[in-house]
Structure formats: structure tokens, C-alpha cells
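If you read the protein sequences in the order shown, they are chains A and B.
For the first sequence, the numbering used here assigns the number 9 to the initial residue and increments by one for each residue that follows.
For the second sequence, the numbering used here assigns the number 25 to the initial residue and increments by one for each residue that follows.
Calculated directly from the structure, the hints in this document are not laboratory data.
Fair warning: this is a prediction, and the values are worked out from it, not measured in the lab.
Glycine included, each C-beta is placed from N, C-alpha and C at the ideal position.
Some clues are possibly wrong.
Using C-beta positions, here's what the derived DEER-type ranges look like [to be verified]: (1) A:E11 - B:A441: 33 to 41 Å; (2) B:T48 - A:W453: 15 to 23 Å; (3) A:R450 - B:A62: 51 to 59 Å; (4) B:A62 - A:G362: 35 to 43 Å; (5) B:V377 - A:G362: 39 to 47 Å; (6) A:R60 - B:R143: 48 to 56 Å; (7) A:L53 - B:E108: 30 to 38 Å; (8) B:R66 - A:L464: 27 to 35 Å.
Under the rule of at most 20 Å between Cα atoms (straight-line distance), these lysine to aspartate or glutamate pairs were calculated in the DMTMM-like manner [stated by the list, open to error]: (9) A:K436 - A:E488; (10) A:K436 - B:D144; (11) B:K98 - B:E108; (12) B:K193 - B:D144; (13) B:K69 - B:D144; (14) A:K436 - A:D355; (15) A:K436 - B:E196; (16) B:K384 - B:D339; (17) B:K193 - A:D446.
Among chain A residues calculated to face chain B with C-beta under 7 Å, some are [what the hints assert, rightly or not]: (18) R113; (19) I115; (20) L404; (21) Y423; (22) A430; (23) V473.
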Amino acid sequence: MSELQAPILTICIALPLAAAVVAVRTKADLYARNISAGAMALTLLLLLEVLREVSAAGGRMLAEPRILRMFDGGGAWLMADGLNAVPMALFAAVTLVTLIAAPRRDINRRFLISLLTLTSATLAAYAASNLLVFLVGWIVAVLPALLRPAAERGRRFAGLVLVASAISLVAAVILIGLAGIKAGVAAPLSINISGVTNSAGGAWAFVFLVLAAILRERIFPFHRATVALFESNSLLLPALLVNSHLGIFLIARVAMPFFPGIAADALPWLGGLALLTALYTAVLGLAEREPRRVLAMLITSQSSAILAGLATASHEGIGGALLQWIVLVVSSTVLIAVIRSLEVRVDGAFDGYGFMGLASSMPRLAVFFAISGLTIVGLPGTLGFPGEDLLLHGVLAGYPGWGAALPVAIALNAYHAFRLFARLFLGKDGLTQNTARDALPRERWALSACLVFLVLGGLTPQNVVSIQAPATNSLVRNAESSPVPQP
Amino acid sequence: MHHFLTPRLLLTCTVLTPGLLFLTLGLGWLLGWTPREATIVRSAKLAYGFASVTALGLIASMWFAGLNSVSAGKGAWYAIHRFEIPLVLFVDWLSLPLIALTVVLVGLVTVFSKRYMHRDPGFHRFFVLVHLFAFGALLVFAAGSFDLLVGGWELICVSSALLVAYFQKRPEPARSAIRVFITYRICDIGLMIGAFYLHHLAGSTLYTSVFTGSWPSQASVMQGGSATLIGLLLLFAAMGKSAQVPVSGWMPRAMEGPTPSSAIFYGAISVHVGAYLLLRAQPLLTASSIASAAVIVVGALSAIHGTMVARACTDAKTSLAYSSISQLGLIFVEIGFGLSWLALLHIAGHAIVRTLQFLKAPSALHEFHEIHAAAGGHLVKTGAHFDTLLPARLQLWLYRLALDRGHHDAILDRFVAGPARRFAIGMASLEERLTVTRAPRPERALDV
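Input sequences plus hints: build the corresponding full structure.
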């Protein structure tokens with residue numbers, strides 16, 4: 009296996025942790041924010057370098073240099089390839105945007121430590137070349153959400169779902185490890201092996217993997233957990249947790265390559281369930297009016313659509329899913345940052361009832377919200393358009409008949425996005441009497457960067473599609489080893 | 025010089041000009057630049073003047089070169105494996121008149137808006153959205169494939185909804201915008217699935233791949249059930265954009281926007297985009313008698329509905345809106361019968377006349393009084409004698425039907441939106457009881 013030029017991945021995982029340590033020791037919260045933002049900016053730059061190296065290698069797997077291979081048969085702990093290089097850079101970028109755009113009220117030591125720990129753990133899970141590392145990253149990433157103050161409503165259900173997902177993954181890892189040991193594999197938990205799991209325990213391991221993914225992505229019947237998570241006092245942390253999409257990554261990274269035979273039979277059903285979730289949560293959104301809850305339904309529906317695209321095992325479906333992943337993460341980060349900014353500005357009088365008319369005092373925040381909201385549902389001229397287009401083609405071809413649920417879900421989600429925009433920004437401003445401040449410079453620059461990325465990506469989508477192409481091809485090759493039956 | 029001004033370049037310039045203007049004004053504002061009114065108007069005049077010249081140059085160059093069509097653009101906009109979406113602009117004698125009409129009418133409306141929107145707080149926003157609309161409309165007319173057409177189609181949807189909500193301090197325009205948006209998006213499902221099936225069955229959505237020959241004597245490579253399915257899906261999409269029965273309820277609500285935007289959207293260009301889609305897909309309709317019949321039935325019903333409701337309306341803009349629906353219904357009928365040239369001429373004539381009527385609507389009362397006075401106070405009502413041919417009870421019944429606009433909105437709300445909302449609220453309440461989150465505060469009514 010080829011290697012990266014330096015242990016960049018280890019540094020990228022360690023940098024947020026180091027910033028968290030600084031945050032623990034410093035008393036000035038804003039200073040800690042600056043340090044954290046600096047660390048995340050450096051992490052992002054390093055991950056962009058990883059992305060460049062992976063692209064230069066044609067998406068092939070690049071391991072960390074040998075010095076860090078200590079256990080598990082001397083195999084690498086961390087690696088980068090076409091599948092994880094983009095999500096890692098993307099996650100570092102949205103963490104940085106979240107840090108910069110977060111209202112001053114949210115910036116405290118607890119928040120910063122939680123955010124940086126979550127980021128470090130998520131990056132570790134993405135970069136894992138070993139199921140143990142993946143498991144640790146998976147579990148540590150949910151801890152900040154589980155350790156929130158008890159008074160927060162809805163915490164118990166969301167916590168149960170997250171804990172259940174961790175337990176499922178633990179069970180899957182144990183079963184995979186046992187199967188590997190039985191087969192006499194030197195590194196049974198290495199992510200780079202496949203085929204040893206066709207034993208009797210393999211089917212159960214696959215079931216637990218899929219269950220972990222369903223729970224983590226809050227697919228039906230666990231979708232209500234997203235609402236519970238989004239109702240936490242601090243919206244930004246759960247939003248980052250949701251935006252990691254480790255459940256989708258688990259399917260792509262472990263379930264599909266480890267169990268090609270079983271996956272060929274099971275993926276269409278998983279895709280069907282994801283489509284059901286996309287449609288069902290889009291319909292459920294009709295009952296919601298509060299911004300956080302509408303947003304929770306919108307994001308759950310769209311992330312289910314991504315899983316449905318992945319499960320089609322076709323180039324269009326997987327390519328669209330990977331593209332839409334980027335779109336959803338960036339756009340929802342902007343939406344959530346804007347919502348949180350509004351909540352702070354109107355200070356408690358924020359329930360989404362009536363038309364709030366905030367555009368008159370905050371026109372730029374309104375524009376950020378409108379563009380990113382519509383990008384999620386395929387606004388032309390942004391990256392959302394090709395993402396949605398590819399996804400639609402993949403899903404409609406992969407699920408003749410039932411695939412029509414996706415365009416209906418997207419139409420309803422578009423309605424939710426526009427309705428939320430109208431509720432928040434149109435009408436007469438009776439709350440702030442036009443006294444609230446528009447986007448601050450730091451918010452403006454951070455959110456503008458997201459929009460510029462989405463628009464430039466939309467004008468030249470082939471650049472992004474090409475970066476994702478090796479991952480798409482690899483996933484399709486895995487799936488094509490066994491023909492996919494229709495449900 | 026001669027070689028430089030190729031039809032391809034002229035076509036590209038015509039389409040891109042409003043888009044570039046939109047980007048300049050939009051991005052400039054995001055970065056803190058708000059130009060003066062004079063700058064905004066001058067740039068619009070310059071842009072649409074330039075686009076009009078390039079459009080006329082395109083017509084002349086095609087005419088003298090004896091070309092039936094011109095294509096411009098690169099191969100794949102984005103591609104993955106064997107699937108690709110081409111970025112190709114295409115004009116023929118169907119789209120060219122509509123492109124020219126668009127740039128000229130949008131230019132005229134921007135000139136008109138200089139005074140009409142003067143000192144309005146949203147002056148800049150209005151122009152930005154009009155440029156976005158113009159770009160979307162030109163993209164629809166100049167798209168070389170149904171995939172690219174979807175892009176322009178959605179831009180029209182967004183700009184239309186945002187302009188309906190232009191007077192943002194009142195809640196009613198906001199509600200109307202939501203209604204317009206959801207109607208568009210639901211009907212767009214037809215276009216999305218139709219484009220998919222075209223791609224799936226023909227291997228491409230390029231017009232040159234899906235149809236053979238040149239307009240208006242084109243033929244479809246698909247026949248039978250495929251042509252029927254795609255034809256019906258495209259009809260559904262066209263019904264939304266052209267406000268045909270039973271989804272015409274958004275049209276009067278869209279009148280909440282400023283008059284110049286009403287003129288360009290609901291009098292001139294936007295409402296005709298649906299008719300253009302059907303004209304573009306005419307070979308599919310020709311190949312399917314079911315789809316053609318459906319177009320005729322929808323058009324005929326809309327024509328009757330529109331003319332009936334227009335007579336019962338009490339305000340000028342709503343009356344004009346329903347008159348537009350009626351004319352669009354007739355255009356649909358013409359398309360259904362395969363009268364392509366007549367439909368195209370009807371579109372152009374209707375767009376021009378209706379734009380004039382919409383722009384004059386704010387001063388209609390004043391003008392009526394002037395004409396009334398000039399005629400010595402003896403203006404005679406026209407059309408009343410047709411009413412008397414019907415029995416009195418039927419007249420009354422029809423009047424009530426027209427007054428409630430055919431009960432279409434009530435029927436859709438009761439049998440489509442209502443059950444969906446009740447289902448959502450019921451399931452949300454059940455789920456909340458099963459989980460530990462608090463009970464939802466459901467919508468009492470949809471935001472439409």
C-alpha cells in the first residue's frame with residue numbers, strides 16, 4: 009500500500025484535541041475560540057493536502073507512514089482514499105465555519121471542548137484503517153451530545169438511539185473480529201480486508217452494521233431523534249454530529265466492501281427504507297412550524313435520500329449521493345448558523361409562528377438562508393442541482409415505481425425550505441422593530457465562503473464529480489461483484 | 025469581424041448577459057455594494073439593449089445562412105461513467121422568436137420600472153430578481169436538452185415566488201408566494217420524472233437525440249406507451265407553469281407582486297413557458313393520441329374556466345390573470361391539435377398584448393374615465409347579450425361558480441392538502457407520545 013508523505017492524518021486528529029486542551033486551560037472564551045479556529049484552519053489545510061495527494065494517486069488508498077503501525081499485525085491505523093478524503097476536509101471546513109459563525113453567547117469552554125472533541129473523533133472515524141479506531145471515533149463523537157445538561161428536552165430518546173447505535177457497532181466489530189480470527193487472518197479488524205466475513209456470523213455482523221447505520225442516521229422509525237437532538241439548547245453541536253453522516257460512511261466503508269454478497273441482497277431493502285424515510289419525514293414536516301423542528305425533518309429527509317442513492321449501487325446513484333452529501337453538509341451548516349444567529353438576536357421570542365419579517369433588518373442573513381435552503385433541494389446554479397439530478401436519475405432507475413417517492417419528497421422539502429424562509433424573513437418585523445444587526449463581518453465571510461463554494465461547484469460540477477469518481481467507481485465495483493436484485 | 029460574430033457567439037451572449045448582470049448585482053450587494061437607482065437602470069438598459077441586438081443578429085445570421093438551428097456549448101457539463109449531462113445551447117425557429125421576445129419585453133419592463141419602482145426600498149432587489157428570471161427564461165428557451173431546461177425552469181420558479189413576496193412587510197404576499205412556490209414544485213415533479221424517462225429510454229435528453237428533423241416537422245424516436253407517459257408527465261409540468269385547470273389557483277395570488285413583474289411573468293413570458301415545453305415536446309404528443317387528447321381537454325377546460333372567472337373578477341389584475349389563463353388554454357388546444365405555428369404566433373401576440381394590459385392596469389380606471397368622457401358618457405357594455413342566451417338559474421349558478429373560481433382551491437385544499445396535513449399531524453402526535461419529546465404544536469392550516 010502507498011503511503012502519505014507525512015503522518016498528516018494523526019496531526020489532523022491531534023490538532024483539535026490540542027486546541028481543546030488550550031481551551032480547558034484558558035479563561036478567555038473568545039481567545040479560546042481564536043485558538044480553536046486557528047487549529048481547525050490548519051487542520052483544514054492539511055486535509056486539503058491529503059485530498060491533493062489522494063487525487064494525485066487516483067483515489068487509491070494511502071496509509072500513514074510506517075512509524076505509527078504498532079498493533080493489529082503491523083497494519084496502518086489511519087489511511088486516506090477517494091472515499092474519506094473529501095468528507096474529512098468537508099467536516100474540518102464546516103467545523104471551522106461553525107466556530108467562526110457561532111454567536112458569542114455560545115462560546116464557552118464546555119462548548120469548545122465538546123466541539124473539538126467531536127471533530128477529532130469524527131476525523132478519526134473517517135480516517136480509520138482499523139475497525140477499532142473507527143469504533144472509538146464513533147463512540148467518542150457522540151459523547152458531547154450525550155453529556156449535555158439533563159434539563160434539555162428530548163435528550164433521553166436521542167441518547168437512547170445514539171447509545172443503541174454504538175452497541176450495535178460494538179457487536180458488529182466483535183463478530184467481524186471473531187470471524188477474522190477463525191479464518192486465521194493476521195489483522196482481522198483491518199478495513200482493507202474483505203471476504204473473511206462470509207461465515208455464519210457474517211450475516212449477523214452485517215445486520216448489526218446496518219442497524220448501527222440506521223440508528224446513527226436516524227432512519228425510520230428512529231427519525232424523531234433528529235428533532236430531539238435539534239431541540240438541545242446548543243443547536244450547533246448536534247448539528248455537527250448529524251452532519252458527520254458516519255452512518256452513511258459506515259455502509260460505504262465497511263458494510264459494502266466487507267459483505268459484498270449479503271449487501272447485494274440487503275441494499276435494495278435498505279434503500280427502500282431510506283426512501284420511505286425521505287418521503288415520510290418530508291410529509292411529517294407539514295405538521296411542524298418551529299424552525300429547528302422543520303430543519304430537523306428537512307435534513308433527515310435529505311440525508312435519507314443520500315442513503316437511498318448509495319444503496320442503488322449505480323454510478324449515478326452513488327455519485328449523486330456523494331455529491332449531495334457535500335451539498336447537504338455545507339448548506340445545512342449555513343442554515344443552522346443563520347437560525348442560531350437569529351435565535352440569539354431575537355432572544356427567546358423565536359417560535360416561528362406568524363411572519364417574523366426579519367429580512368428588513370437582516371437582509372444578508374435572509375439571502376444566506378434562502379440560497380442555502382434552496383441549494384439543498386437542487387437550486388440551479390449551485391452544486392445542489394447536479395447532486396439532486398444525479399441522485400434522482402440513480403434512484404428512479406434503481407427503484408422503478410417506488411423511486412418516484414424521491415421527487416415528491418424533494419418537492420415537499422423545497423416547500424419546507426421556502427416556507428421557513430418566508431416565516432422567518434418575510435412579513436412585518438414586530439420582534440426587533442428593525443433594530444437587530446445584520447450578519448457580522450465574521451459571519452458574513454464564513455457564510456459567504458460556503459455560498460461561493462456551492463455556486464462555483466454548481467457552475468463547474470465536473471471538478472467535484474471527478475474528485476469523487478474513484479470512490480464512486482470503487483463502491484460500484486464492490487456492488488457489481490454480486491448483481492443487485494430489485495426489491 | 026464576420027468570423028468573430030458567429031451565431032454561436034451571438035446565442036451565448038444573448039443568454040449569458042442577464043445572468044452576468046444578476047451575478048454582478050447580487051454578489052456586489054452581498055459584499056456591501058448597493059448601486060444607485062440610475063446605475064441599476066442604466067446597466068439594465070445596456071444589458072437588454074445589447075441582448076436585443078445580439079438576438080436580432082442571431083435571427084439575421086440564421087435567416088441569411090438558411091440555418092434551421094444553431095447549437096453552442098461544450099459536450100458534458102458533468103459526467104459520471106456513461107451518464108452525462110451536456111451543456112448545450114440550441115435555437116431553432118421555435119425558440120428564437122421567444123428568445124427575442126424575452127429580451128425585448130424584459131428590457132421594456134425594466135425601463136417602465138425605472139419610474140414605477142422609483143424610491144421603493146426594494147428597487148435593487150426587484151431588478152436582481154428580474155435579471156434572474158430573464159436568465160432562467162432564456163435558459164429554458166435556449167436549452168439544448170431537457171436536463172438543462174429543468175435548470176432554467178427552476179430559476180423561473182424561484183424568482184417568481186420571490187417577486188410575488190416582493191412587498192414583504194405584508195403577510196398576504198408571503199402566503200401567496202408560498203402557494204405559488206408549492207404549486208410550481210409539485211408540478212415540476214412531472215418535468216423531473218419526464219426528463220428522467222427521456223434519458224432512460226432514449227439515452228439522452230438532447231433534443232437532437234430525442235427528435236429527428238427540424239421544427240415544426242419533427243418526429244419522436246419514441247412511440248406508443250413511452251411517448252404517452254412522457255407526454256403526460258410534461259403536460260403536468262406545463263399545467264403548473266401555465267396555470268391550467270385545476271392548478272390555476274396560484275395565478276390570482278401571484279398578482280400580489282409589483283405590476284411590472286406581473287406583466288413580465290404572468291402576462292408575457294413565465295406563463296408561456298409551459299406552452300413552450302409542450303411545443304418543444306410536440307413530436308411526443310403527435311406520437312400519442314392520448315397525450316394530445318389530454319392537452320386539448322386541459323386547454324379547453326382552462327379556456328372556459330378562465331373566461332368565466334375573468335368576467336366575475338372585481339379587480340383589473342385578477343381579471344387579466346384569468347384572461348391569460350383562458351388564452352393559454354386556447355394555446356394548449358392549438359398545440360393538442362398540432363397547430364404549432366398558430367400556437368407560436370398566439371404566444372407571441374398574447375405576450376405582447378398582455379404585457380401592455382398589465383402595465384396599464386394601474387391606470388385603467390383613469391383611462392376608462394378618459395374614454396368615457398371622450399365618448400360623451402355613452403360607453404356601451406359589450407358581451408352582455410351572450411349571457412342572456414342562458415337560462416337565468418344557470419346564469420346565477422355559473423356566476424357563483426365563477427365567483428369562487430371554480431372551487432378549485434377549496435377542492436385541492438380539502439382533498440389533497442387537508443388529508444396530507446391531517447396525516448402529518450396525527451403521525452407527529454403519535455410519535456411524540458411514543459418518544460420522550462414534547463407534543464408538537466401543529467400547523468392549524470397550511471402556509472398557503
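We went through each hint and held it up to the structure:
no.	hint	verdict
1	A:E11 - B:A441: 33 to 41 Å	violated, 59 Å
2	B:T48 - A:W453: 15 to 23 Å	holds, 20 Å
3	A:R450 - B:A62: 51 to 59 Å	violated, 34 Å
4	B:A62 - A:G362: 35 to 43 Å	holds, 38 Å
5	B:V377 - A:G362: 39 to 47 Å	holds, 40 Å
6	A:R60 - B:R143: 48 to 56 Å	holds, 52 Å
7	A:L53 - B:E108: 30 to 38 Å	holds, 33 Å
8	B:R66 - A:L464: 27 to 35 Å	holds, 29 Å
9	A:K436 - A:E488	violated, 56 Å
10	A:K436 - B:D144	holds, 16 Å
11	B:K98 - B:E108	holds, 12 Å
12	B:K193 - B:D144	holds, 13 Å
13	B:K69 - B:D144	holds, 19 Å
14	A:K436 - A:D355	holds, 18 Å
15	A:K436 - B:E196	holds, 11 Å
16	B:K384 - B:D339	holds, 13 Å
17	B:K193 - A:D446	holds, 17 Å
18	R113	violated, 24 Å
19	I115	violated, 25 Å
20	L404	holds, 5 Å
21	Y423	holds, 5 Å
22	A430	holds, 5 Å
23	V473	holds, 5 Å
When each numbered hint is compared with the structure, violations occur for hints 1, 3, 9, 18 and 19.
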